[in-house]
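A.B. asks: Two chains, two frames, some hints: make the complex.
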Amino acid sequence: MSIPHDTFECGHTLEELSQYLDTGDFPDPRHLETCPDCRNGLDSLRRLSTAGSELLSKDLAEAGSGNDDWMKDILANLKLELRPGRSIPLRSEHPADTLTETEGSVLALVRSVTDLAPGAVAGRVRLEGDVTVPGEAITVNLDLAVAFGNPLLGSAEALRQDLGEALARHTELNIAAIDITITDVIDTPREEP
Amino acid sequence: MRDQLDLVPDAILAGRAADGDTAAFEALARRYGPHMRACARRLTGQYADADDVVQEALVQAWKQLESLRDPAAVKGWLLRLTGSRSIDYLRRRRNHTSLSALEEGGAGREPAAAAPGPESSAVAASGTEALKAALSLLPEEQRRCWVLKEFNGQSYEQIAQTLNISPASVRGRLARARITLVREMEGWR
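These protein sequences, in sequence, are chains A and B. Reading the first sequence from the start, the letters are residues 18 to 210 in this note's numbering. Reading the second sequence from the start, the letters are residues 37 to 225 in this note's numbering.
Pulled out of the complex, with its shape left as it was, chain B reads as follows (with noise of 0.2 Å):
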């Protein structure tokens, strides 16, 4: 039945692969990679770098993959994963970017290919368009707790490990965004 990998149960493709198996690897990176792509375009805003990032956590995932503990859990395992590389991503690219352009809130917020501008939210036709824009204003901390929760499922303390702060912090910009999108989405209502 090998040629039927695509309907195999994570667990089983996950054991395969942590035991060497290719085949079974690619089948789970064309399970989870439009997910994985989906999270790393919403937290980078860059569509062209986010497959970079989804690499970059694949690569990751095959090399790690034998320490994964609950095989059954791969999916979260490797949102994790690009959750991870698309804040590295981001801090590279502060790295090479004028500190004071990227200070909270401020004129450098993400270029976000994926959202559009804020003046597109007041004939936003969906609730879906006003999301982004509501999103795309918000202040970079807090849009990476959203989308870390909302998009790949991660608990407080998972996030609070992927962005290197305490789960008290995520709370409260977990919070903090979602005052700020529910006032923004005021309008769709």
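Chain A extracted, bound-state conformation (with noise of 0.2 Å):
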């Protein structure tokens, strides 16, 4: 056995060698390179460490892919509850009618026509501004990934212009501004077509 006891001659324990190996802090950090018992520990429990990250491979392997059947049974059981976000105010031709439109749905029209642009997926979407005010001047600010070798700045440009004729077509927000950042950059396999 080469690890009789939890402490070594040399003072040091098994539980100080653990921890070093997760943080790095050891008291004594130039013993480690002489000392034959605790090299002989730290061998061990960097042993232990690989067999841990096989034994995790080995369980994700069995654990199957997302795209399986458990996992289609687990999305199907969820019910995820919609965010309809704060209501927007609509224009109706008669005063008694309350119409509104939620935020969740301007925010749905923007990932949808960003999606649409080539090399493009919509992140986050913030619509900064009151909202629930008719008239409010809003700013839109769109996270934006993109594919690895579209021309950012032109591609930023069009999208601008598409998303302000579709946020003037589908809602009556008063649009000041709609900033883009490019957030990251996705990369598809080179075979795709």
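Be careful, since some hints might not be right.
[Unchecked claim] Listed below are the simulated EDC-like cross-link pairs for lysine to aspartate or glutamate, each with C-alpha atoms no more than 20 Å apart in a straight line: (1) LYS75/A with GLU102/B; (2) LYS99/B with ASP204/A; (3) LYS111/B with ASP204/A; (4) LYS99/B with GLU177/B; (5) LYS96/A with GLU110/A; (6) LYS89/A with GLU165/B; (7) LYS99/B with ASP88/B.
[What the hints assert, rightly or not] Label-pair ranges, simulated between beta-carbon atoms: (8) ALA109/B with ALA113/A: 16 to 24 Å; (9) PRO53/A with LYS99/B: 22 to 30 Å; (10) ARG177/A with ILE201/B: 34 to 42 Å; (11) ASP88/B with SER122/A: 31 to 39 Å.
These are computed hints drawn from the structure, not numbers from a lab. Idealized CB from N, CA, C, for every residue including glycine.
C.D. replies: Written out as structure tokens, the structure reads:
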């Protein structure tokens, strides 16, 4: 047995070595280079860590793919509640009618227009300003992921125009600005058509 | 490119999901579901109930996504939720079972469909089989710390929160778990 006691003759413990592997903290780091007991202990702990990684890989393989039936069943059971967000008032022909659209539907509109742009996927969308007050100046903040190799600046300009038109057509928001931030690059597989 | 959500970085998916995009949330679930499942199986020792735990974690994730400060860290967050829901599951089950049978190191350790019995360690063909056998012999509290650390990559502080104990206790339990596992696996070397 290479590890007969929790405390070695040098006075250090396996608990200290265990913490050292996780955090890099050790009272006397240079001691570890020369002490045979501590080196032995570290070797054992590192082998255990390797076996742990292998077990995780094996368990992951056994867990199957996220595209398999078990995940489809889980997703079917989730019944995700919608997130309507704020209520945005709409003009109505009859004063007695109260018409609104949800902020969530506007966010979905921004996402769907953005996703149609070549090589672009929308991330988080923010409507800044009080959308519950008709005519308030609203700034749209859009996070964007762009496929690797896409000309970033040109596509952002065209997208801003598309978004402006879609928002004018489908909402009554007074859009003051559309700020697009490219936050991520998508690595598409080379064999994609 | 919406049909390519499976290629999109985590932060983008998490941002969309927080905005209410169910398709983005499902893409995240498909991406990390297998890891959540592996974690839940190893923590609960139950294949059948692990999927319920994953489902509970996903329900909670959907409700709380808006509170996730760093959307790029969504993987670790989903795994932490899975760990917490697994521990909840074990506590619920403990309440349904005789307490004496579940004392640490006693006869009530996890039935562990995931782990072979101790007798198979003698003929373990690989390090992972030996580790599985050794894990099944660990006291429950130590095994939880080990799985949360090695499978979920949680910090001492995060494990402490999940288990409602101090970080110093986490350090001690993790060390004891590793010492026992190393000893049990000497035969494998």
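A.B. asks: Holds or violated: 22 to 30 Å for the Cβ distance of PRO53/A and LYS99/B?
C.D. replies: violated, 53 Å
A.B. asks: State, for the Cβ atoms of ALA109/B and ALA113/A, whether the hinted interval 16 to 24 Å holds or is violated.
C.D. replies: Roughly 49 Å apart at Cβ, these two residues miss the hinted range, so it is violated.
A.B. asks: Is the straight-line distance between the alpha-carbon of LYS99/B and that of ASP204/A 20 Å or less?
C.D. replies: With a Cα-Cα distance of about 30 Å, the restraint between LYS99/B and ASP204/A is violated, given a limit of 20 Å.
A.B. asks: Would the hint linking LYS111/B and ASP204/A be met if the CA-CA limit is 20 Å?
C.D. replies: holds, 19 Å
A.B. asks: Going straight from one Cα to the other, do LYS99/B and GLU177/B come out at no more than 20 Å?
C.D. replies: violated, 29 Å
A.B. asks: Does the alpha-carbon distance linking LYS96/A and GLU110/A stay inside the 20 Å limit?
C.D. replies: violated, 36 Å
A.B. asks: Lying within 34 to 42 Å: is that true of the beta-carbon distance ARG177/A to ILE201/B?
C.D. replies: violated, 52 Å
A.B. asks: Is it true that the CA of LYS99/B sits at most 20 Å from the CA of ASP88/B?
C.D. replies: Distance ~17 Å between LYS99/B and ASP88/B Cα, so the pair holds.
A.B. asks: Verify the proposed pairing of LYS75/A with GLU102/B, using a straight-line Cα cut of 20 Å.
C.D. replies: violated, 33 Å
A.B. asks: LYS89/A and GLU165/B were given as a pair; does the straight-line alpha-carbon distance stay at or below 20 Å?
C.D. replies: This hinted pair is violated, its Cα atoms lying about 30 Å apart.
A.B. asks: If you check the beta carbons of ASP88/B and SER122/A, does the distance land in 31 to 39 Å?
C.D. replies: Given about 33 Å between the Cβ atoms, the range holds.
In this structure, the hints that do not hold are numbers 1, 2, 4, 5, 6, 8, 9, 10, in rising order.
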